[in-house]
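Student: Work out the full structure: start from the sequences and follow the hints.
From first to last, the protein sequence lines stand for chains A and B.
Residue 140 in the working numbering sits at position 140 of the first sequence; the count goes up by one each step and never skips.
All you need for the working numbering is the position in the second sequence, starting with 1, plus 144.
If you are wondering where the hints come from, they were derived from the structure by calculation, not from laboratory data.
Certain hints may be false.
Unchecked claim - The calculated DSSO-like cross-link candidates involving lysine-lysine, where the alpha carbons are at most 27 Å apart (straight line), are:
#, chain 1, residue 1, chain 2, residue 2
1, B, 160, B, 187
2, B, 197, B, 147
3, B, 197, A, 93
4, A, 93, B, 187
5, B, 147, B, 187
As the structure is a prediction and not an experimental result, all values here were calculated from the model.
Below, each chain spelled out in residue letters.
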Amino acid sequence: MNTSSTQLHLQDPKRRHSLLMAAGAWLSSQATAKDTPLSALSAEGVELVFPRLADTGNAVPLQANIRAPQGANLKSLRVILPENPNPLALQLKLHGDMQSYQLNTRLRLYASQSVWVVATFSNGLERANSAPTVITSTACLDDS
Amino acid sequence: MSKNIPTRLAFAGPLKEGATIEARWSAAHPMDSGFRVDDSGNKIARNIIHTVKVLLNDRLILEADLGTAMTSPVYLAFPLQVPAGGGVLRVLWQDDRGQVGETVQRLIL
Numbered sequence: 001m002n003t004s005s006t007q008l009h010l011q012d013p014k015r016r017h018s019l020l021m022a023a024g025a026w027l028s029s030q031a032t033a034k035d036t037p038l039s040a041l042s043a044e045g046v047e048l049v050f051p052r053l054a055d056t057g058n059a060v061p062l063q064a065n066i067r068a069p070q071g072a073n074l075k076s077l078r079v080i081l082p083e084n085p086n087p088l089a090l091q092l093k094l095h096g097d098m099q100s101y102q103l104n105t106r107l108r109l110y111a112s113q114s115v116w117v118v119a120t121f122s123n124g125l126e127r128a129n130s131a132p133t134v135i136t137s138t139a140c141l142d143d144s
Numbered sequence: 145m146s147k148n149i150p151t152r153l154a155f156a157g158p159l160k161e162g163a164t165i166e167a168r169w170s171a172a173h174p175m176d177s178g179f180r181v182d183d184s185g186n187k188i189a190r191n192i193i194h195t196v197k198v199l200l201n202d203r204l205i206l207e208a209d210l211g212t213a214m215t216s217p218v219y220l221a222f223p224l225q226v227p228a229g230g231g232v233l234r235v236l237w238q239d240d241r242g243q244v245g246e247t248v249q250r251l252i253l
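Tutor: Following this line, the structure appears as structure tokens:
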């Protein structure tokens with residue numbers, strides 16, 4: 001009964017539109033609340049190689065290619081998986097004076113999501129980029 | 145009850161002075177995230193390598209804080225500049241149980 005009434009409501013264009021609008025507003029508010037600090041940063045010089053589709057979340061290879069702006073060095077690097085129970089996957093502090101950096105690692109993913117890589121440079125500048133992936137099974141729970 | 149954790153450290157790239165090469169480190173650590181349960185339903189305590197330090201000729205070049213999202217085995221590959229005359233690269237690690245380890249590889253030019 002419930003399903004059919006929902007379907008009836010959805011068939012009404014006005015009702016459907018308002019529902020979609022509400023869902024869209026909720027989604028975008030969720031997205032901005034979570035992503036604003038990162039997505040507001042420029043992605044220049046931060047390139048990610050991350051599979052668009054991964055079979056399992058158990059080991060997803062990530063490559064991050066960082067290029068520092070003129071006259072600056074890379075100081076730190078953060079890898080963030082927003083949907084994971086512990087979002088901060090990896091934090092690197094560099095003590096050399098590297099202007100370009102290539103990091104390779106493998107990550108466990110709880111769910112389909114975008115990985116964020118945030119680079120901090122010696123002039124205080126922060127840059128971030130993200131890459132989405134879809135996984136078909138989670139790494140956090142046991143196989144069922 | 146510390147178990148031996150096999151680790152590996154290798155280089156990729158030209159081993160020449162001033163060249164940038166990639167150092168690839170991996171450790172066959174169980175990396176228990178703390179979210180899994182064993183066969184009788186008991187939670188397996190978190191035990192991951194949480195800190196990695198990399199020293200090139202006894203100079204600290206990289207500190208890494210690892211989270212539960214790192215795979216088992218852990219894999220970390222990072223670039224470094226080959227110093228004049230080569231040297232020794234050490235990767236030190238520590239896990240949640242307090243076990244520590246060291247992987248050493250010589251840079252022979």
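Student: All hints are to be evaluated individually against the structure, with a verdict given for each.
Tutor: Outcome of the hint check:
Distance restraint check for residue 160(B) and residue 187(B): the Cα-Cα separation of roughly 49 Å exceeds the 27 Å cut-off, and the hinted pair is therefore not satisfied. Our distance criterion of 27 Å between C-alpha atoms is met by residue 197(B) and residue 147(B), whose separation comes to about 20 Å. Note on residue 197(B) and residue 93(A): the hinted pairing holds, with a Cα-Cα distance of about 10 Å set against a maximum of 27 Å. For the suggested pair residue 93(A) and residue 187(B), the alpha carbons sit about 32 Å apart, so the restraint of at most 27 Å is broken.
For the suggested pair residue 147(B) and residue 187(B), the alpha carbons sit about 20 Å apart, so the restraint of at most 27 Å is met.
Hint check: violations occur at hints 1, 4; the rest are consistent with the structure.
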